[in-house]
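Using the sequences plus the hints, can you model the full thing?
Top line first, the protein sequences correspond to chains S and V. Numbering-wise, the first sequence is residues 8 to 377 according to our numbering. Numbering-wise, the second sequence is residues 8 to 91 according to our numbering.
Nothing false has been slipped in among the hints.
The following label-pair restraints were derived from C-beta to C-beta distances:
#1 S:Arg249 x V:Arg29: 37 to 47 Å
#2 S:Val36 x V:Leu25: 41 to 51 Å
#3 V:Gly33 x S:His364: 20 to 30 Å
#4 V:Arg29 x S:Arg163: 20 to 30 Å
#5 S:Ala29 x V:Gln38: 42 to 52 Å
#6 V:Arg71 x S:Thr343: 39 to 49 Å
#7 S:Arg341 x V:Gln74: 42 to 52 Å
#8 S:Ala29 x V:Asp65: 24 to 34 Å
Derived coverage of chain S by chain V (criterion: at least 3 residues anywhere in the stretch with Cβ under 8 Å from a Cβ of chain V; other residues may be distant):
#9 120-128
#10 139-150
#11 244-257
The set of hints was computed from the structure by calculation and includes no laboratory data. If you're wondering where the values come from, they're calculated on a predicted model, not measured in any experiment. C-beta: ideal position from N, C-alpha, C; glycine also.
Listed below, chain by chain, are the residues.
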Amino acid sequence: MKFLDEYRDARIARTLAKEVAANTTRDWVLMEICGGQTHTIMRYGLDEILPKQIELVHGPGCPVCVTPLETIDKAIALALHPDVILVSYGDMLRVPGSNSDLFRAKAEGADVRVAYSPSEAVKIARANPDKKVVFLAIGFETTAPANAMAAWLAKRDGLKNLSLLVSHVLVPPAIRALLATPENRVQGFIAPGHVCTVMGYSEYEGLVRDFNVPIVVGGFEPVDLLEAVLMLVKQLERGEARVENQYVRSVTYQGNVRAQEVVREVFEIADQKWRGIGMIPNSGLRLSDAYADYDANRIFDLDLISADEPAECISAKVLQGLRKPTDCPAFAIRCTPENPLGAPMVSSEGACAAYYHYRRHAGSLTKIAV
Amino acid sequence: MCLAIPGKIVSVEEANGLRSARIQFGGIVRQASLDFVPEAQVGDYVMVHVGYAISRVDAAEAERTYQLLEEMGALEEELPESSD
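Here's what the structure looks like:
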């Protein structure tokens with residue numbers, strides 16, 4: 008496929024890795040923010056073709072992983088209402104809540120439907136006027152415009168039976184929180200290319216200024232990520248800290264202004280709890296007052312008490328790049344994608360799932376593709 | 008979840024004030040909204056995320072970047088093999 012295959016070229020990948028080695032004189036710790044990038048790194052063994060001095064730690068960019076336990080519990084409680092249809096992205100179904108998950112709720116008779124796009128939630132609401140349709144609207148900035156469109160369309164068309172259970176997180180405040188942690192080791196960031204496709208990258212300039220840390224907006228293919236690593240290493244070795252854009256074929260400085268407008272109309276910035284990490288000020292989105300009628304949190308009485316994460320799960324440390332999935336005593340033993348203790352083992356973007364699927368267990372360490 | 012895939016616009020239609028397109032991804036064709044990329048036309052490549060095109064792929068930029076990378080790759084034969 009055009010714009011994909013050429014960025015998976017093993018020859019170019021190897022050359023880039025050599026370039027990184029030629030430019031590296033000391034140890035550097037880099038973090039890729041997005042779970043999609045983590046999966047590419049694991050799948051193609053990029054960490055193994057890079058010089059030993061480059062350590063890649065994995066960031067919190069997995070929306071499924073950071074959706075608060077309370078939100079999952081609320082979604083399950085709503086799904087079990089006889090007059091509710093709960094519409095969710097497929098990744099959310101196996102994410103453990105306090106006592107159950109949406110998949111189990113579905114097996115118990117709840118009407119839980121998997122949607123590829125928010126527009127399907129709107130269609131389901133139109134087709135089921137006697138039901139209350141709740142869309143579990145989770146995601147980062149990439150998904151916010153599409154999720155916003157579900158509320159925008161419902162309002163425009165006077166759909167009274169659609170609401171959104173929102174758990175939206177924002178990348179720059181999370182990077183700020185990570186950098187402000189005393190135990191932070193990260194010296195350079197690969198910013199998430201699709202978040203920046205929507206938002207542009209002006210927001211990252213403040214982080215570079217305040218923390219003197221280089222940030223490179225990176226794509227998702229092996230060549231993209233290796234080039235982003237090279238750009239970071241060159242900056243670090245020269246003692247520079249700037250925002251650079253590797254993913255020029257999709258990202259512009261100002262981002263997608265039209266998509267940002269829809270987000271601003273429907274949502275407003277709010278404090279947000281991140282599963283495993285805790286509350287981060289101004290790091291999320293909630294429906295604005297103009298869209299209160301579409302806010303499941305305001306329509307339904309949802310004040311629930313929730314239990315804590317299983318004590319054995321170290322996902323909080325994994326999501327902050329402080330520990331690797333394989334540091335966890337439960338990894339691949341008591342915690343597997345079939346029976347997960349924590350969300351990062353479930354999601355297609357979770358770091359634990361990436362390690363599990365791409366050889367980082369049972370001692371097999373075969374390089375794939377490059 | 009933040010996955011977005013490049014696809015080629017095969018045809019464009021407008022209904023109910025919304026603009027959408029049939030988009031080809033390799034051998035598969037799917038419908039996606041063009042609400043956020045009003046400038047996109049038939050033949051353009053767009054990045055599609057959860058049923059919405061979020062950017063028009065800058066083909067010129069992609070070409071230029073790729074050529075730079077190609078040149079880098081072409082040099083590989085002249086570089087010594089890495090020792091590890």
